[in-house]
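Peer 1: For reference, the chains in residue letters:
There are 2 protein chains.
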Amino acid sequence: MQLMSEKGAAGGGLRERKKRATRAALAEAAVRLAAEHGADKVTVEAISAAAGVSVRTFFNYFDTRDDAFVAIDADAGARMRHSVLDAPAALSPLQALRDAMAAELAEAEQQHELWRLHAEVLHASPHLLVRSLVAHMAHETELAEAIASRIRSGSTRHGDPSASDQERREALDLYPRLLAAVAVAAVRTSVEHWCARQKDVAFLDVFQEVFDLLAAGLPAPPA
Amino acid sequence: MQLMSEKGAAGGGLRERKKRATRAALAEAAVRLAAEHGADKVTVEAISAAAGVSVRTFFNYFDTRDDAFVAIDADAGARMRHSVLDAPAALSPLQALRDAMAAELAEAEQQHELWRLHAEVLHASPHLLVRSLVAHMAHETELAEAIASRIRSGSTRHGDPSASDQERREALDLYPRLLAAVAVAAVRTSVEHWCARQKDVAFLDVFQEVFDLLAAGLPAPPA
DNA sequence: ATGCATCTTTGCATACCATGCAACTTATGT
DNA sequence: ACATAAGTTGCATGGTATGCAAAGATGCAT
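Heads up: the sequence lines are chains A and B, in that order. At position 63 of the first sequence the residue is numbered 63 (the UniProt record's numbering), and the sequence of numbers has no breaks. At position 188 of the second sequence the residue is numbered 188 (the UniProt record's numbering), and the sequence of numbers has no breaks.
Honestly, the hints are just simulated from the structure, not real lab data. Incorrect hints may have been included.
Heads up, the list lumps identical chains together, so a pair's fine if it works in one copy or across two of them.
Said to hold, decoys possible - Taking lysine to any residue and the SDA-like style, the derived pairs with C-alpha atoms no more than 20 Å apart in a straight line are:
| no. | residue 1 | residue 2 |
| --- | --- | --- |
| 1 | 41 | 145 |
| 2 | 41 | 127 |
| 3 | 41 | 94 |
| 4 | 41 | 28 |
| 5 | 41 | 63 |
Start from the sequences, fold in the hints, and give me the full structure.
Peer 2: See below:
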């Protein structure tokens with residue numbers, strides 16, 4: 001329980017703060033131990049000990065041992081949701097989503113050290129990378145809902161005006177999901193590409209180029 | 001070992017055939033048991049017993065219990081790779097990929113009964129659905145490589161002719177990854193959307209619409 | 001067919017993961 | 001201060017996963 005200051009909605013009573021602290025302590029202990037000894041050599045017992053709680057308590061916070069390595073930021077989804085909803089109405093859904101994600105990623109770079117360790121751990125054991133992607137995909141649904149309600153309430157119409165009602169209803173259900181899924185995939189690709197050739201280029205440039213490619217309909221690159 | 005006829009490269013000696021049979025028997029037993037009793041009520045012991053092997057042997061084939069529910073088709077990646085490489089040169093990368101995926105999905109519908117059970121199981125426990133999608137994503141890398149070599153050898157140039165060499169090299173590395181990631185996400189979204197409103201529409205229609213949206217740059221739908 | 005090398009299967013031992021339960025400790029509201 | 005709700009803990013239990021060495025099956029040359 002050595003961590004009392006955490007980001008996000010810091011409010012609430014002592015209880016909630018302690019809960020958040022315990023959770024954060026467990027996650028941080030997990031990542032640090034994994035970065036040092038390798039993820040699969042770290043037992044829940046070690047993690048719990050490092051965080052100062054019992055093994056049983058660990059499982060009160062995480063369903064699975066691996067979850068501790070993955071779950072760093074719990075309410076990133078909520079932030080993005082608001083960001084998408086509050087974006088200027090003039091922006092297309094894709095643009096709004098791009099900006100929301102860019103803001104989120106910028107904020108992520110604040111906690112540099114832990115983020116870096118985290119990336120190291122995931123890179124070392126693909127098994128966990130996979131789990132991390134799963135966690136990201138969980139956000140996809142709420143993201144899709146944010147996009148959907150943005151489209152419903154907004155009035156920017158760039159779409160095909162010759163669609164039937166049936167087609168329109170179909171698209172309204174399908175489009176947000178697709179956009180969310182594609183955007184998450186795009187972010188992931190950006191990060192991977194940038195990690196591969198680190199320092200060579202700025203991350204934001206990669207990010208920008210990826211979303212430009214998406215907006216252009218993924219045209220074939222020059223040979 | 002009650003299954004000796006399997007798809008894919010059926011060649012090889014008795015050993016390899018038996019191995020494939022055992023693996024298939026385990027996977028099939030897992031799916032059938034899960035369809036009947038629910039996935040999380042099926043123990044490794046039960047699966048092994050149904051397949052006629054020991055528990056220890058199960059773990060010689062699968063790293064994880066859940067893998068047995070997921071790993072149905074091992075060499076789908078290779079087929080798609082060839083499909084992408086052999087596509088007509090006139091097609092854009094996105095189109096080639098779309099056709100390759102459509103072919104693969106059509107082939108998946110051949111093995112109707114087991115596929116159906118499989119879908120049931122995945123639908124019942126989202127945990128496994130996620131794992132299955134992740135398994136598909138593992139193919140992303142080889143898919144990206146296929147796309148890359150197609151672009152290198154092909155001569156369809158729809159891209160921006162005013163790019164610098166630096167930008168061109170960047171794009172050549174980034175583009176295939178992005179395309180693969182986005183396409184996989186698109187397929188996943190199609191399947192999910194289709195599962196949600198089953199029978200309502202044909203899967204191929206959803207699939208087509210999704211790729212049309214991608215090619216159009218994900219424009220905002222009509223309100 | 002026989003014998004040998006190689007691969008596969010198997011049981012056993014071991015360690016870890018994960019959950020339910022009851023007892024205990026700690027916040028919160030009044 | 002008191003009652004209530006919530007969080008933590010140890011224990012018991014059963015499933016998951018790996019290493020190891022012995023036994024069985026297969027491939028191959030003779």
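Peer 1: State for each hint whether it applies.
Peer 2: These are the hints, each one checked on the structure:
Proximity of residue 41 and residue 145 under a CA criterion of 20 Å is satisfied in neither setting, with 39 Å inside one chain copy and 33 Å between copies. Taking the shortest alpha-carbon separations for residue 41 and residue 127, only the intra-copy value of 14 Å comes in at or below 20 Å, while the best inter-copy value is 24 Å. Neither within a single protomer nor between protomers do residue 41 and residue 94 lie at most 20 Å apart by alpha-carbon distance, with minima of 42 Å and 42 Å respectively. Taking CA atoms no more than 20 Å apart as the test, residue 41 paired with residue 28 passes inside one copy only; the shortest distance there is 16 Å, against 33 Å between copies.
Taking the shortest alpha-carbon separations for residue 41 and residue 63, both the intra-copy value of 19 Å and the inter-copy value of 17 Å come in at or below 20 Å.
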